[in-house]
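Participant: Keeping the supplied structure of chain A fixed, place chain B upon it in accordance with the hints.
Those protein sequences? They're chains A and B, same order as listed. Taking UniProt numbering, I'd label the letters of the first sequence as residues 1 to 561. Taking UniProt numbering, I'd label the letters of the second sequence as residues 1 to 561.
A portion of the hints provided could be inaccurate.
[What the hints assert, rightly or not] Simulated pairs of lysine to aspartate or glutamate, EDC-like, Cα-Cα distance not exceeding 16 Å: (1) A:312 to B:558; (2) B:550 to A:124; (3) A:309 to B:558; (4) B:240 to B:200; (5) B:415 to B:459; (6) B:312 to A:558; (7) A:550 to B:459; (8) A:550 to B:386; (9) A:550 to B:362; (10) B:550 to A:362; (11) B:550 to A:386; (12) B:309 to A:558; (13) B:248 to B:197; (14) A:128 to A:145; (15) A:506 to A:539.
[To be verified] Quick partial rundown of chain B residues pointing at chain A, CB under 10 Å, derived from the structure: (16) 172; (17) 176; (18) 219; (19) 308; (20) 380; (21) 386; (22) 426; (23) 486; (24) 489.
[To be verified] Label-pair ranges, simulated between beta-carbon atoms: (25) A:156 to B:388: 52 to 58 Å; (26) B:218 to A:550: 57 to 63 Å; (27) A:129 to B:481: 53 to 59 Å; (28) A:531 to B:388: 22 to 28 Å; (29) B:439 to A:530: 43 to 49 Å.
Read the hints as simulated data drawn from the structure, not as lab findings. Even for Gly, the Cβ is constructed at its ideal location relative to N, Cα and C.
There are 2 protein chains.
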Amino acid sequence: MPAFEDVDVLSTAAKPKLSYEAHPAAKELGLEGKPWVDWSDPELRKKAEAFLRSQNWPSVSIQSPAEPVKGPPHVQLQHDFPAQDFESLSLALPRFLEGYRWQRQFEALGLGHLVDQSWQTVLEEKEKNFEHVLRFPYNGETSKEHLLLEHLTPVPRWFVRNHGEIPRIQPEDYRLKVTGLVKNPRTFTLDELKSMDLMEKTVTLQCSGGRRIEQIRYALGDGDSLINAPWHEQAISNAKWKGVSLKKILKACGGVTEGATDVEFVSPMPSRPHPSFNNNHVVSTRLARADTYFKQHEVDNYKVSVGMKKVKANEVIVAWEQNGEPLTWIHGAPVRTVVLGVIGARSCKWLIEIRVLPEVSEGPVQRKEYLLLNHQLSKYNSTFADGFSIQDMPVSSAIMSPREGEVVVHDGTVKFKGWAYSGGGCFVQRVEVSVDGGHSWWPSHQLTEKSYYGWRLWEVDAPIAAEGWLEIVCRAWDSSCNTQPSLVRSAWNWGLHVTSHACRIKIFSVNKSNPVTAARLKFMEENNIPLEPLTEPLEHETISAAELAKALRDNQREPRE
Amino acid sequence: MPAFEDVDVLSTAAKPKLSYEAHPAAKELGLEGKPWVDWSDPELRKKAEAFLRSQNWPSVSIQSPAEPVKGPPHVQLQHDFPAQDFESLSLALPRFLEGYRWQRQFEALGLGHLVDQSWQTVLEEKEKNFEHVLRFPYNGETSKEHLLLEHLTPVPRWFVRNHGEIPRIQPEDYRLKVTGLVKNPRTFTLDELKSMDLMEKTVTLQCSGGRRIEQIRYALGDGDSLINAPWHEQAISNAKWKGVSLKKILKACGGVTEGATDVEFVSPMPSRPHPSFNNNHVVSTRLARADTYFKQHEVDNYKVSVGMKKVKANEVIVAWEQNGEPLTWIHGAPVRTVVLGVIGARSCKWLIEIRVLPEVSEGPVQRKEYLLLNHQLSKYNSTFADGFSIQDMPVSSAIMSPREGEVVVHDGTVKFKGWAYSGGGCFVQRVEVSVDGGHSWWPSHQLTEKSYYGWRLWEVDAPIAAEGWLEIVCRAWDSSCNTQPSLVRSAWNWGLHVTSHACRIKIFSVNKSNPVTAARLKFMEENNIPLEPLTEPLEHETISAAELAKALRDNQREPRE
Numbered sequence: 001m002p003a004f005e006d007v008d009v010l011s012t013a014a015k016p017k018l019s020y021e022a023h024p025a026a027k028e029l030g031l032e033g034k035p036w037v038d039w040s041d042p043e044l045r046k047k048a049e050a051f052l053r054s055q056n057w058p059s060v061s062i063q064s065p066a067e068p069v070k071g072p073p074h075v076q077l078q079h080d081f082p083a084q085d086f087e088s089l090s091l092a093l094p095r096f097l098e099g100y101r102w103q104r105q106f107e108a109l110g111l112g113h114l115v116d117q118s119w120q121t122v123l124e125e126k127e128k129n130f131e132h133v134l135r136f137p138y139n140g141e142t143s144k145e146h147l148l149l150e151h152l153t154p155v156p157r158w159f160v161r162n163h164g165e166i167p168r169i170q171p172e173d174y175r176l177k178v179t180g181l182v183k184n185p186r187t188f189t190l191d192e193l194k195s196m197d198l199m200e201k202t203v204t205l206q207c208s209g210g211r212r213i214e215q216i217r218y219a220l221g222d223g224d225s226l227i228n229a230p231w232h233e234q235a236i237s238n239a240k241w242k243g244v245s246l247k248k249i250l251k252a253c254g255g256v257t258e259g260a261t262d263v264e265f266v267s268p269m270p271s272r273p274h275p276s277f278n279n280n281h282v283v284s285t286r287l288a289r290a291d292t293y294f295k296q297h298e299v300d301n302y303k304v305s306v307g308m309k310k311v312k313a314n315e316v317i318v319a320w321e322q323n324g325e326p327l328t329w330i331h332g333a334p335v336r337t338v339v340l341g342v343i344g345a346r347s348c349k350w351l352i353e354i355r356v357l358p359e360v361s362e363g364p365v366q367r368k369e370y371l372l373l374n375h376q377l378s379k380y381n382s383t384f385a386d387g388f389s390i391q392d393m394p395v396s397s398a399i400m401s402p403r404e405g406e407v408v409v410h411d412g413t414v415k416f417k418g419w420a421y422s423g424g425g426c427f428v429q430r431v432e433v434s435v436d437g438g439h440s441w442w443p444s445h446q447l448t449e450k451s452y453y454g455w456r457l458w459e460v461d462a463p464i465a466a467e468g469w470l471e472i473v474c475r476a477w478d479s480s481c482n483t484q485p486s487l488v489r490s491a492w493n494w495g496l497h498v499t500s501h502a503c504r505i506k507i508f509s510v511n512k513s514n515p516v517t518a519a520r521l522k523f524m525e526e527n528n529i530p531l532e533p534l535t536e537p538l539e540h541e542t543i544s545a546a547e548l549a550k551a552l553r554d555n556q557r558e559p560r561e
Numbered sequence: 001m002p003a004f005e006d007v008d009v010l011s012t013a014a015k016p017k018l019s020y021e022a023h024p025a026a027k028e029l030g031l032e033g034k035p036w037v038d039w040s041d042p043e044l045r046k047k048a049e050a051f052l053r054s055q056n057w058p059s060v061s062i063q064s065p066a067e068p069v070k071g072p073p074h075v076q077l078q079h080d081f082p083a084q085d086f087e088s089l090s091l092a093l094p095r096f097l098e099g100y101r102w103q104r105q106f107e108a109l110g111l112g113h114l115v116d117q118s119w120q121t122v123l124e125e126k127e128k129n130f131e132h133v134l135r136f137p138y139n140g141e142t143s144k145e146h147l148l149l150e151h152l153t154p155v156p157r158w159f160v161r162n163h164g165e166i167p168r169i170q171p172e173d174y175r176l177k178v179t180g181l182v183k184n185p186r187t188f189t190l191d192e193l194k195s196m197d198l199m200e201k202t203v204t205l206q207c208s209g210g211r212r213i214e215q216i217r218y219a220l221g222d223g224d225s226l227i228n229a230p231w232h233e234q235a236i237s238n239a240k241w242k243g244v245s246l247k248k249i250l251k252a253c254g255g256v257t258e259g260a261t262d263v264e265f266v267s268p269m270p271s272r273p274h275p276s277f278n279n280n281h282v283v284s285t286r287l288a289r290a291d292t293y294f295k296q297h298e299v300d301n302y303k304v305s306v307g308m309k310k311v312k313a314n315e316v317i318v319a320w321e322q323n324g325e326p327l328t329w330i331h332g333a334p335v336r337t338v339v340l341g342v343i344g345a346r347s348c349k350w351l352i353e354i355r356v357l358p359e360v361s362e363g364p365v366q367r368k369e370y371l372l373l374n375h376q377l378s379k380y381n382s383t384f385a386d387g388f389s390i391q392d393m394p395v396s397s398a399i400m401s402p403r404e405g406e407v408v409v410h411d412g413t414v415k416f417k418g419w420a421y422s423g424g425g426c427f428v429q430r431v432e433v434s435v436d437g438g439h440s441w442w443p444s445h446q447l448t449e450k451s452y453y454g455w456r457l458w459e460v461d462a463p464i465a466a467e468g469w470l471e472i473v474c475r476a477w478d479s480s481c482n483t484q485p486s487l488v489r490s491a492w493n494w495g496l497h498v499t500s501h502a503c504r505i506k507i508f509s510v511n512k513s514n515p516v517t518a519a520r521l522k523f524m525e526e527n528n529i530p531l532e533p534l535t536e537p538l539e540h541e542t543i544s545a546a547e548l549a550k551a552l553r554d555n556q557r558e559p560r561e
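In isolation and in its complexed conformation, chain A is listed as follows (with noise of 0.2 Å):
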């Protein structure tokens, strides 16, 4: 066994200055002249849960209509926590929910400042126009428009999934560990890894819930009111990556020992003063981290693991540049992992230990979370064993440009623009745009290059005559000749993960070479009468009262027998 000193790479700089130990519940929490809580201790923890409960979250403020709302479905609040995230999102569908339950949690113990700290490091790293999803852990994905600017994504641009706060671990003070099944366990510094055979690779990572806004639209499921982030199109970004890759490090350890089938990543809570083992694991044991997995009371830190064969395949880098830069923080800075193929989960930020094990990681990310569970099943009566877990992602695509709702004036062809990509090493070969909802197809004449683990950003110019709301759809077709499900209910997961049904977005048709539309458009112009927004009535008339007569005596509306 390492010793545990080892673990505790941080700077004095990066440690956090707690100041739980003067919360009240200090003393009843045992949390004095230690700030943690061991949550593996059943009676600490039933205490620590106890306080949580009894802390005066705010109460709900959503401003209610006079009488209850009454529509599908009807969310009666049970919480013992703040209810302000799923209130809002079940009522207005809010691009950023707060993460209220969890800064709180936090707050409670004292450690508000990571929260801030998370902040921070997001308006120090992120492009000024990022858009949040959830503010604590943090995540966010950049607009539609910015997404779609270059083929590899900028790193402000890139979309930020976490599960608690982003640490600060400096280059000098980085350790790697590499333990488990391999013939001579060992620990790397920076330099040493630096000073490997090196490989880089362009890889396009995707967040499995992400487009998960267009399975909330449609119903509601379990894990609504948790933390998952109400994800719309641009969870997914491209990057050149360069590092080491993974093999290479088992190698150096003299390769791997019999029965060795998975290797898990570890990114322990590095901001914690003094972690602390249990079960032979690397376990954060700070009440502050039970927020990842505060389901079923259970908490661990991030934990994931692939199979061997992604492993010898050279799918797995370990990576500190990312675009020819240096990592941020935000971004796992200075190492982490990158699966090639596979869910943005996969690829560990802040990896500083690395696990060769004769089974799949017992972290309840890899176990509980990020499965594909059957459509007819629902959280009362699956359990984690029926779903399968969800590695490589399948083909999806999505449309950038025009926006969902946008009145789109045009002469008669509208160009169409968005990603494409598929997981598992097949590349995207053709995007089609539907202008009638899903009956004719129109292909796209102009996509980036191929790669076998990138995504393509492509261009369609479909031809449309109509006007008035029209459903737009795109679908891409891979390398292995896979498209995707037409509808919502055709890929729906239970979980949220994995929404890959063809993408489609209500554009409001206004067709300029309709002469009709062309005057029409005229007169608005001259008059000074806005198209936009739609749900205004019209202040002029649009017929005038002698026309509407005559047209009436002309075309009378019911026969005259």
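Facilitator: Using the frame of chain A, we list chain B on its own:
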């Protein structure tokens, strides 16, 4: 021409005590000495409009999320008037709109007491759990559950569609004038009407805006920020009406003269103290009435018409009894029209004049509203001449039980209930329910009695094996073998009238005949674990750690080669 005084049939008791002469704007508007504004005077009208626009309407008070809501469609409100109604509609689809704009207009003119009186009448005449849709002008419908209880809808449960306040005309003061193209124009007292040959008929009335919420949810459009009530599926009711056939009344006037094609029903502003004439028509000139057709700055009282064919076919009743009782204030006491087989809009309440015309009514309700517009036209380039007038209603149906979003625990069969109706003298032959989104259909085994102008309530017991969210569809077939279009898009009308597609709801099926489900329900019951809300994460393990570990060993998630 009839004398002005003939129209003023109101009892002294019913006359409102107007107070807005004391309003600061009274002098500016020329209100001194007379309690109304002459809307036909362009100068006064301009001043009155300027006054209304100058008022300090309450600002939008809906709580905004931290970031602007970005979603379909991004609504930018450009109102001079308060936008609460629409703001809340677009964000939250509330059940109940306040009608701020109209309330404030009435209040600004010192007519706030009519708003209160309208609400008071609702409280007196409607059942306790009535579902209010719009407070003023008052609109409401009963609950889905209550609508099903009786084939003849009890009056306190009847839906209410109003365009203004609710007048109280005493029966002894009541007069019905018959004018226009009749040989002998004359006036009838209520007793004179009652002395004629009577007719009694079971007739369903339906607002053509019924089920509008299903269109609003799909896409917003013109009218959303206006008065249009977000009706659910209960803007329909059935009653036995007693009165006299309009054919007989016209006969009593010596019959119609050359060129008579349409018959207009007029409901003037009964509470106005001094109506005036304008352009040969009975026109309300009081500014407060401007709310009814505030669009395009036009104002008129409620006037509609039907073709002579309906009159000749004895399909127009001048009625004073509903389900064996005298009409209530809210449903048009003392006398109203009931037009068989067409939209409710033609069944004019508080009927005080019938005019036989050589063309359709000039009333905006007839000429500019209740139109079926082309799918691909929209407000910016359709004119009132493009739509056809909605008269006969198409075949339609709706599911009343279970409710949208309901969790249904069953033994493999679920009972569905609802209404079905067809207009134009067609009757409902069959109702079918699909429990797989429209793939296979189960027929109704139980329906209430057939009638040419009435609805049928139905029940279908449908076998359901699947669990989780299911899309349930119902459709009716009528005596002309018409049935309903499949999707909301298939019966789209920009004006949000006639939402007649096959009604679709989502239910969450829990099938107890599945042994796994039965066992899980037993476990949940024993451990006091609630099934709802579905959006609440489970607090218990769905499988023990040991069982999960075994399952993962027995059935490894990835191939081991």
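Participant: Determine for every hint whether it applies to the structure shown.
Facilitator: Verification of the supplied hints:
{"no.": "1", "hint": "A:312 to B:558", "result": "holds (15 Å)"}
{"no.": "2", "hint": "B:550 to A:124", "result": "violated (46 Å)"}
{"no.": "3", "hint": "A:309 to B:558", "result": "holds (10 Å)"}
{"no.": "4", "hint": "B:240 to B:200", "result": "holds (7 Å)"}
{"no.": "5", "hint": "B:415 to B:459", "result": "holds (7 Å)"}
{"no.": "6", "hint": "B:312 to A:558", "result": "holds (15 Å)"}
{"no.": "7", "hint": "A:550 to B:459", "result": "violated (48 Å)"}
{"no.": "8", "hint": "A:550 to B:386", "result": "holds (13 Å)"}
{"no.": "9", "hint": "A:550 to B:362", "result": "holds (12 Å)"}
{"no.": "10", "hint": "B:550 to A:362", "result": "holds (12 Å)"}
{"no.": "11", "hint": "B:550 to A:386", "result": "holds (13 Å)"}
{"no.": "12", "hint": "B:309 to A:558", "result": "holds (10 Å)"}
{"no.": "13", "hint": "B:248 to B:197", "result": "holds (8 Å)"}
{"no.": "14", "hint": "A:128 to A:145", "result": "holds (13 Å)"}
{"no.": "15", "hint": "A:506 to A:539", "result": "violated (26 Å)"}
{"no.": "16", "hint": "172", "result": "violated (38 Å)"}
{"no.": "17", "hint": "176", "result": "violated (25 Å)"}
{"no.": "18", "hint": "219", "result": "holds (5 Å)"}
{"no.": "19", "hint": "308", "result": "holds (9 Å)"}
{"no.": "20", "hint": "380", "result": "holds (6 Å)"}
{"no.": "21", "hint": "386", "result": "holds (9 Å)"}
{"no.": "22", "hint": "426", "result": "violated (17 Å)"}
{"no.": "23", "hint": "486", "result": "violated (12 Å)"}
{"no.": "24", "hint": "489", "result": "holds (7 Å)"}
{"no.": "25", "hint": "A:156 to B:388: 52 to 58 Å", "result": "holds (56 Å)"}
{"no.": "26", "hint": "B:218 to A:550: 57 to 63 Å", "result": "violated (35 Å)"}
{"no.": "27", "hint": "A:129 to B:481: 53 to 59 Å", "result": "holds (56 Å)"}
{"no.": "28", "hint": "A:531 to B:388: 22 to 28 Å", "result": "holds (26 Å)"}
{"no.": "29", "hint": "B:439 to A:530: 43 to 49 Å", "result": "holds (44 Å)"}
Checked against the numbered hints given earlier, the structure breaks hints 2, 7, 15, 16, 17, 22, 23, 26 and satisfies all the rest.
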